[in-house]
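Q: Sequence:
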Amino acid sequence: MSEEKPTFKVTDRRLFNPDGTPRDIPREEEPPAPAPAPEPETQQPTPAAAAETPPATPAEAAAPREPADEASPEAPGDEGFLMLVEFLASFAADALGMVNHPGGGGVNLPLAKQCIDMLGVLHRKTRGNLVGEEQQFLDMILSQLRMQYVSLTSAPRPPQGGGPRGFSGSDITGGR
1 MSEEKPTFKV TDRRLFNPDG TPRDIPREEE PPAPAPAPEP ETQQPTPAAA
51 AETPPATPAE AAAPREPADE ASPEAPGDEG FLMLVEFLAS FAADALGMVN
101 HPGGGGVNLP LAKQCIDMLG VLHRKTRGNL VGEEQQFLDM ILSQLRMQYV
151 SLTSAPRPPQ GGGPRGFSGS DITGGR
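Residue numbers for the sequence shown follow our numbering, so the first one is 1 and each next one is one higher.
Since the hints were derived computationally from the structure, they do not count as laboratory data. Take these hints with a grain of salt, some might be off.
[To be verified] Distance condition first, Cα-Cα at most 25 Å in a straight line; then the derived DMTMM-like pairs of lysine to aspartate or glutamate:
no. : residue 1 : residue 2
1   : Lys9      : Asp24
2   : Lys113    : Glu134
3   : Lys113    : Asp139
4   : Lys5      : Glu79
5   : Lys113    : Asp94
6   : Lys125    : Glu86
7   : Lys125    : Asp139
[To be verified] Label pairs and their computed distance ranges (CB to CB):
no. : residue 1 : residue 2 : range
8   : Arg146    : Asp24     : 39 to 45 Å
9   : Arg127    : Glu79     : 18 to 24 Å
10  : His101    : Thr126    : 27 to 33 Å
11  : Arg127    : Val107    : 26 to 32 Å
12  : Val131    : Ser90     : 19 to 25 Å
13  : Gly97     : Asp117    : 16 to 22 Å
14  : Val99     : Val131    : 25 to 31 Å
15  : Val107    : Glu86     : 18 to 24 Å
16  : Lys9      : Met83     : 44 to 50 Å
Note that the structure is predicted; figures quoted are calculated from it, not measured. Where is the CB? At the ideal position from N, CA and C, for every residue including glycine.
Start from the sequences and build out the full structure, keeping to the hints where you can.
A: Below you can see the structure in the form of structure tokens.
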């Protein structure tokens, strides 16, 4: 019996040659997608929105999409910035003793200052590039953390129990 050896076709899909130069890769012919029905101008996605979310299949390309409203909180990517602010703010709040947890935590002013300063840098660098909700949230969090930090650093510290205790007049006279 003669056995046929299976044949395999190996296709090199690397974008660069071993020496680092770009390869000339012939594009495979894709079947033309059916032309989508013309839509009103208000329903056309913006070019930036189309670049962010390319359709996976021709059926998705033909399906109408709603325009991405940059000010809507449901737009993709918005929650990422708010989560970043919450992440940094949670460390600052924990370092300021604002978070109740079983370990007792305590106050760590240098860590709190560092987290608040990072939020301040983020506030400065994103000025003018945030939507209203993001700007308000960052302003509110930053002002609350700064007020708490100032209240902790300017508050008089209670005397430590290990040092000598001061005497009052009633202590010396025995309360007479």
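Q: Work down the list of hints and note, for each, if the structure agrees.
A: Cross-check of the supplied hints:
A distance of roughly 19 Å separates the Cα atoms of Lys9 and Asp24; the hinted pair therefore holds under the 25 Å criterion. Under the criterion of a C-alpha separation no larger than 25 Å, the hint pairing Lys113 with Glu134 is consistent with the structure, at around 22 Å. For the proposed pair Lys113 and Asp139, the alpha carbon gap of about 16 Å is at most 25 Å, so the pair holds. This hinted pair does not check out: Lys5 and Glu79 have alpha carbons roughly 55 Å apart, beyond 25 Å.
Distance check on the hinted pair: Lys113 and Asp94 sit about 12 Å apart at the alpha-carbon level, within 25 Å; holds. The hinted pair formed by Lys125 and Glu86 meets the criterion: a straight-line CA distance of about 17 Å does not exceed 25 Å. Restraint check for Lys125 and Asp139: the C-alpha separation of about 13 Å stays at or below 25 Å, so the hint holds. Hint check: Arg146 to Asp24, Cβ distance near 58 Å, so the stated range 39 to 45 Å is violated.
Take Arg127 and Glu79: their Cβ atoms lie about 20 Å apart, and the range 18 to 24 Å holds. Restraint check, His101 to Thr126: a C-beta distance of roughly 30 Å satisfies the suggested window 27 to 33 Å. Against the hinted window of 26 to 32 Å, the Cβ-Cβ separation of Arg127 and Val107 comes to about 30 Å, which satisfies the hint. The hinted range of 19 to 25 Å is satisfied by Val131 and Ser90, whose Cβ atoms lie roughly 22 Å apart.
The given range of 16 to 22 Å is respected by Gly97 and Asp117, whose C-beta atoms sit roughly 18 Å from each other. A beta carbon spacing of about 28 Å between Val99 and Val131 agrees with the range 25 to 31 Å that was offered as a hint. Separation of Val107 from Glu86 is about 21 Å and conforms to the stated range, judged on CB atoms against 18 to 24 Å. The hinted window of 44 to 50 Å between Lys9 and Met83 holds, with their beta carbons roughly 46 Å apart.
In this structure, the earlier hints numbered 4, 8 are contradicted, and the remaining ones agree with it.
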